[in-house]
Structure formats: structure tokens, C-alpha cells
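As they're listed, the protein sequences go chains R and H.
With the first letter of the first sequence counted as 1, position 54 gets the number 54 in this note's numbering; the numbers rise by one all the way through.
With the first letter of the second sequence counted as 1, position 141 gets the number 141 in this note's numbering; the numbers rise by one all the way through.
No lab work stands behind these hints: they were computed from the structure.
Don't take every hint at face value.
Said to hold, decoys possible - Below, a list of computed lysine to aspartate or glutamate pairs in the EDC-like style, where the Cα atoms sit at most 16 Å apart: (1) K141(H) <-> E45(H); (2) K182(R) <-> D204(R); (3) K162(H) <-> E101(H); (4) K162(H) <-> D72(H); (5) K69(R) <-> E204(H); (6) K69(R) <-> E205(H); (7) K69(R) <-> E214(H); (8) K201(H) <-> E212(H); (9) K236(H) <-> E205(H); (10) K182(R) <-> E168(R); (11) K9(H) <-> E184(H); (12) K201(H) <-> D74(R).
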Amino acid sequence: MSRVIAVCGKGGVGKTTVTALLSRLLADGDNGRVLVVDADPAIGLGLALSQFPDRSVNDVRKEIISTVKQHSTDSVDLAASVDYKLMEIIMETGQLGFLSVGRPEEEGCYCQLNTLLREAIETLSSHFDLTLIDAEAGVEQVNRRVMRSVSHLLLVSDTALKGIRVAETIRDVADEAVKYRKLGLLINRARSEEDFHSLAAKTDLPILGWIPEDDTVREFDIDARSFLEIPSCPALDAVRSYVMESDFLK
Amino acid sequence: MGLFDQPLKEIRSYIDDKRGQGLARDYPFTPVLPYTDSPQIILSEDTGLELGNPGLASRSLLLWDSSGSIEDGRITLVGPDFSEAATSSLPFAQVIIAEGEFRDEYDCYRDLRDATYGLRLRGFMTRVFPGRQSIWCRVNKEALDSGFSAQILGSSLIQSLKELDFVNGAEVLFVTSSKEEVEELAAPADKVMDIVEALIKMYEEMNFDCEECEYVDVCDEVVELRQIRDRLQAEKDEKGPTDSEKGGGRA
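Using the sequences and the hints given, assemble the complete structure.
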């Protein structure tokens, strides 16, 4: 069964960085085919991975609406069109496919198409060995069941208590809305092990580990270099150790 | 008279022309391996040959006929076979002509479409975009090395169609030679698309107000479409108006 990991948390805690580091590790190892989905309307993951697709899922949505207005079509043709267009917008790097969801939908009710798109992405995802989603900040996508097929919820917080509380809220909403199999919290940008332990004592979330502040990550961010090329560094090693090699992904 | 008489005539003429120039090869139907449910995504890195990439010319046509005009099992190829391709990406046209007894045209169309869209072959990925009549396929390296060919693809399509009880036979044309030779099929392709869209509209909307319909020219040209329209109209009249047409709601 393919695994779907959603990286969630409060805005600004480093979800995109964690997703980018995970993408780097997944692309590097023998992990089969990996689909990376930038579902955050801020579309920062593409920048972090130097993936710049011409079109997003939301563009596909608009194109299909335009096609339907010009041509008489039925649901089967519509579904085929969605599959075709999604394949068209996947950016491929080796065994890694990248898909950008894009900015929020424009006005208008296209429920059938939205459902088709969601189902098509789920089907697409099932053809990959692993799907990694950089989710929108907060709980909204989880609440709207956008990620109902998620198997692993990777919550990210920085060392501020607010980040931990948002992660707890996401867990509570997900308990109702998502049939996930595993959930864990990563503390990002911790300055020391003491820092991490002091925070860990303040939550009942299962904690996977902590990612130290890292100059290499900062340099890659500043220079907008692709995280797919980031060398071994403390942050990357932490993600490898606490996510890739831990029980979380097994 | 059949729905696709005119485009079929043009396609026949195209095939005869290519055959006359020595540009077409024919292959017989050959029984194929069972279909698979394996993942239908083939990434570029694993692709041995791409057909009809969105950046290249691509056409996909599906027609049906009851006049006995097809050569059952014939697979015609214009251009290099898959293993002969000099590049890793070729323009592509796929024309499928089914023959049989098509009592309810829309139901039959949907079944024919399912039989072709839903084709699952190991090492082969296909995507179709009906609004543009495009087809985009990838053959993975392993399948290409194992001899995946136009004959195998054509036979698989024919076999899949013939599993439908109303299909007696099927014939397939592939074009892989050039953008120009794919685009020579544009005229019949446009006619096929107009006819199919008019058919979909009739059945999906059950609205027979020709003055308001954008496909009125198509129906004027294709006698068979007018007959279908008249039959559907008669069936609708027999059933009487629906609640919404009566303007009634719940009591």
C-alpha cells in the first residue's frame, strides 16, 4: 500500500523546509517513485526544490472549465481530461514527480470537477510508492478532508508554544476527519537538547525528535538553491534519523 | 447510412494514399497477453518511447460502423514501428474503427470508449484528452526491449473491443511518421469530434431545440444524427414532460 505523508503545522514553523529535506532524502535513496505535492498556496516548496512548473492543479481546473464550456462532454471524458492534464503538469526529476496545487480556487461552484480533481490526485498518488504533501498552514485542509487519504501526519512546530498548540489542534481535527495510521511531531530549529526536552514536556503529542538550527539550511534558503542538492548537514541528518529511519515510516 | 460515413471515407482515402505511396504497413491481429492492473504511471526516466507528447502532434479517433466496410483485425502503421524509432518521442495518431450492431449509439459509444480508455497493458501508459482529441502514451524501457510494438498495441485494442458483445470486428490505424502526416487526419478528426459531441449533447441534455443548438450544422450534415434525434424526441414525447418541464415542484 502506498504511503501518503502530509507535513502540517502553523505558518512559519518550517514545514516547507522539512518537506524539502524529506524530498531530498526520498529522491536520493531507494524509495521507489515519490510524488511531492505543494499544497500550500504560498507555493514555497517549488522554490525550495527549484521546481518551477508552468501550471498548477488550479490552472488545470480553469482549463477544463474552459474546455467544458466549448465542447459538449460527459463525466467519463471529463475524468479522462483531468488525468491527462495532471500528467501534463507533473515535473519529473528522476523518480520524483512534483505537483503544485496552486493558489485558492476562483469563485464559482464546480463541485463535480473539484471532486474529480481530488479523486484524480488520489489515484495518481496511488501509482507512486510514496506521496509527500506540503500542506497549507493550519487546520483548514485537514478539516475539509482535502487530505482524507493521508496515512502519516507529520506535524511540525518551532520552539514556540503557539506552534505546539496548533499542532495539537491539527491532531484533534485529524482524529475526526482523516484516517491516518501514524502521527508524530518534529520540533524545528531547536537550539539545544534541553530546549527540546522542555517543550516535549508541555504536550501529549508523540514526539519524533528535533531539528537543530543549521547554517547550511539557512544558506540554501538565502541563495534559493535546490534542497535536492543539499549536502549532509545536521538538519538533514536529523530528518533522516527521526523520520526516515524511525518507526514513523515503517 | 452510418454516423461516420464521411470521416470514414476520408480515413479510407488517407490509408489508400499512404499504402499507394508505400508508406503504410499492415499487421494481422495476434492474440495478446492478459491485461494488467499494474500502476499506470510511467515516469520519463523509465520511458523507452513516448508517443503523442503534448508538445508534438497527436490525434485519437474512435469511430464505429455497421456497413461491413472494415477489415477485421487489420493493424495499419504509417511510420516507424516502436522499436524502430530514431528518437525517444514520436508524433502519434490512433484511429480505431469498430464494427457491429449499435442499437443505442450513446451506450455503445460509452462501452467502446471504456474498452479503449481503460486498456491496461504492462509497461504501457496512456492518457487521452477528448476535448483536444489528443492521446499521449509512454512505453517503458523494459516493454520496448521486450518487443512492444504497434502490432501488440493494435491487437490489444482490437481484443478489448471484441470483448464487447455488440462488436463483431475492429481495425486500427497508427501514424508515427511526422507531424504533417498526423495532421492530415485533422479534417476527419474534427468531423468525428463534432458528431460525438452532438451525440453526447442529445443524450445528456435531452434538449431538441435545434434553434438553440450549436451542433445544428452537424445534424444537418449527418442524416443518422437526425434520425437519432427524432427517435429520442419521440421517446421523450411518449414519456411526457418531466416535473421540471411541467414547472411543478413538491406539493
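Against the structure, the hints come out as follows:
1. K141(H) <-> E45(H): Cα-Cα ~9 Å, so holds.
2. K182(R) <-> D204(R): With a Cα-Cα distance of about 15 Å, the restraint between K182(R) and D204(R) holds, given a limit of 16 Å.
3. K162(H) <-> E101(H): Holds. K162(H) to E101(H) sits at ~12 Å (cutoff 16 Å).
4. K162(H) <-> D72(H): Distance of about 10 Å is within 16 Å: holds.
5. K69(R) <-> E204(H): holds, 15 Å
6. K69(R) <-> E205(H): The hint holds at about 14 Å.
7. K69(R) <-> E214(H): Holds, at roughly 12 Å.
8. K201(H) <-> E212(H): holds, 12 Å
9. K236(H) <-> E205(H): Satisfied, since the Cα-Cα distance of roughly 12 Å is no more than 16 Å.
10. K182(R) <-> E168(R): holds, 14 Å
11. K9(H) <-> E184(H): holds, 14 Å
12. K201(H) <-> D74(R): Distance ~9 Å between K201(H) and D74(R) Cα, so the pair holds.
Violated hints: none; the structure is consistent with every hint.
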